Amino acid sequence: MMFTDYNQCAAQLADIEAIDYFFAREIAQLTQSDNDTAFMLLLALSQAQRMGNSCLLLSELAGQRRFDRADEDESGFIFAAQDVLAEQAQLLCANEKLAGKLRYHDGRLYTARYWQFEQELVGRIAERMTPLALTAEQMSRLTALWPALFDVTARSTQDWQQVATALCVNRVFAMLSGGPGTGKTYTIARLLMALQVAWQGELNIVLTAPTGKAAQRLTESVAAALAQFADEPALAGYARSLTQPAMTLHRLLGMPRWGIQSRFNQHNPLVADVVIVDESSMIDLALMTRLFRALGKDTRVLLVGDPMQLPSVEAGNVLGDIIAAFATDSDDVVDSASQKQLHALCPHLPALAVQQELTHPTVHFELKQAQRFSGQLADVASAVNLGSIEAIWPSLPELNAAQSQQVDGVAQCGFNVIGQAFNTLARQWFGSIASAESLTAAMAQLQAVRWLTPFRQGDWGADVLNQRLEKLLAPGEQRGFYRGRPIMITENHHGQRLYNGDVGLIWPDEAGVLKAWFAGADNQYRAIPIMRLPRHETVYAMTIHKSQGSEFAHLLLFIPEAPSKQAAQIYSRELIYTGLTRAKQGAVLVTHQAALQAVVARRQQRKTGLVNKLSVINR
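The sequence shown begins at 1 in the UniProt record's numbering and counts up one residue at a time.
Misleading hints may appear alongside valid ones.
Taking lysine to aspartate or glutamate pairs in the EDC-like style, the calculated list, with each CA pair at most 16 Å apart, reads [unchecked claim]:
#1 K297 to D273
#2 K368 to D408
#3 K297 to E127
#4 K607 to E60
#5 K471 to E537
#6 K584 to E537
#7 K613 to D106
#8 K613 to E127
#9 K607 to E314
#10 K584 to D379
#11 K97 to E26
#12 K368 to D159
#13 K613 to E26
#14 K297 to E120
#15 K607 to D106
#16 K368 to D379
#17 K584 to D332
#18 K101 to E26
#19 K607 to D284
Here are the in silico distance ranges between beta carbons for each label pair [as the list claims (entries may be wrong)]:
#20 V354 to A230: 34 to 40 Å
#21 A144 to K340: 17 to 23 Å
#22 P347 to R240: 27 to 33 Å
#23 Q597 to G63: 27 to 33 Å
#24 E127 to G419: 55 to 61 Å
#25 A154 to V354: 18 to 24 Å
I should point out that these hints are in silico values taken from the structure, not numbers from a laboratory. If you're wondering where the values come from, they're calculated on a predicted model, not measured in any experiment. Cβ coordinates follow ideal geometry from the N, Cα and C atoms, glycine included.
Work out the full structure, taking the sequences as your base and the hints as a guide.
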């Protein structure tokens, strides 16, 4: 073996953690191998999965120096040519003593766990590729009520919300994607109504999202969209039947606080006709596989999300991979059966081009036109997605310490400005929470503003920012729990109906007793005794990852130097795009042009085999 212990390994190789070393050592000991290439492959595989990849792509490793330190020219390890790596990978996988712990396929090395997840997910998607046949009666009901759902005036430009609704209504598997403000919730609400119209209200429809905050937002936004049908006699009853709140995926699947075995699985499937999953880009490979495993054979599923956002924290880029696998020659083409169905329901829309060689129905529908997210915010988000902010940077006003930092649109300032005006800014952004006249007003202020940062650690990380803000805003004798303290739950607690990512506020009740308040049903707030709170933390500032599924009127987005080389690996255009698109009205970028350009030039491209495996369906 190359190294006698972990300390020696970590001293010679950069970016190695204990789990990488002990994984490689265990495999090497099981196989009684002293081959350096094999050991380094195993280290690289563990690191790759730790960084969110489901596999190790050998072509990107071959002939490369890895695990090197920036200040040491000869550090790290130079990997052999691809054929040598492939030979070693195959020898490892063929070793009987490993009992199938590793898999090698198509130039990719996997642990068996992630190989099986990919294989199973592909198989379960393939089972759902055949649409349901709509009866003449169902088509008649949909046609009659379509004008109550959409504008049916003839038009020359395409209405992708109508296209998605018309074609998703009988899909067993489909995906709805789009950036912020493109009308995903609007489309979901109309699809819900179309489903209930076609099946006369007999469907059991479940709404779900990966986090408590995302589920809450989904509940609120769908309810608001459905309220538009309250005065439509033919639709009001259906709208009232769709009031069940969305739940988190973990709660839907019955996943325990500890462990990974869910209550609902292939042996005990969910009782649901339709499952609609919002914020699907946040779902990792393992959780997505468990979701599909728990679907009944006739259960339909719609994945909704923005593939340009950050992928999941854990391994995989599932939504992005599935969308890529089912990409067509053009965004404006469908299979012939889909065009026929679209014309029957929406003769007022322009016809879509037909791609004759498609062997499967169109399953991905992208909303392209921003309905709400527009102006400078949309322009900067688009520039970030394209990987270059040089053209748009000069148009961003530069703020100084004397100016208000809550702006409409996008502005920028340097860290020197924030340093000079930190106390003023803190009171300006958050001081009105504790001084609010009521819980409702305080909650509204809390939900309107947030500071976002890529990191937990470092001078501009969430931990230090929250400590500084709390020291300034909280009277010393009341630190710990005080009026106006914003908190975020960091572990699921099913008994209290609190979930990782839920945000609440410490506020006195009518008797003056401090309690933790969280959003409840029907725009009401529910109180939790402080002593019954699960683990939580102060949340004036939060990481961009934790902000997914949330929206704020205004935000301050810190883009500092990474506190470590390992931390720098999370920097990407997807990270900045995700943070920026949490803003509804305005954002201030705390950075400088060169630093931001370096970040957005980097893409977070995870290595998986899902696209290749799914492409078999697409042939």
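Consistency of the hints with the structure:
1. K297 to D273: Holds, at roughly 10 Å.
2. K368 to D408: Cα-Cα ~23 Å, so violated.
3. K297 to E127: 8 Å, holds
4. K607 to E60: Holds, at about 10 Å.
5. K471 to E537: Since the Cα atoms of K471 and E537 sit roughly 14 Å apart, the hinted pair holds (cutoff 16 Å).
6. K584 to E537: Roughly 25 Å between the alpha carbons, so the hint for K584 and E537 is violated.
7. K613 to D106: 10 Å, holds
8. K613 to E127: 14 Å, holds
9. K607 to E314: 13 Å, holds
10. K584 to D379: 13 Å, holds
11. K97 to E26: Between K97 and E26 the Cα gap is close to 12 Å, so the pair holds against 16 Å.
12. K368 to D159: OK: K368 and D159 at ~9 Å, within 16 Å.
13. K613 to E26: 29 Å, violated
14. K297 to E120: Within the cut-off at roughly 14 Å; holds.
15. K607 to D106: Satisfied, since the Cα-Cα distance of roughly 13 Å is no more than 16 Å.
16. K368 to D379: 14 Å, holds
17. K584 to D332: 29 Å, violated
18. K101 to E26: 11 Å, holds
19. K607 to D284: 13 Å, holds
20. V354 to A230: 34 to 40 Å: Check passed, 39 Å falls within 34 to 40 Å.
21. A144 to K340: 17 to 23 Å: 19 Å, holds
22. P347 to R240: 27 to 33 Å: 30 Å, holds
23. Q597 to G63: 27 to 33 Å: 29 Å, holds
24. E127 to G419: 55 to 61 Å: At roughly 57 Å between Cβ atoms, G419 and E127 fall inside 55 to 61 Å, so the hint holds.
25. A154 to V354: 18 to 24 Å: Since the Cβ atoms of A154 and V354 sit about 21 Å apart, the hinted range of 18 to 24 Å holds.
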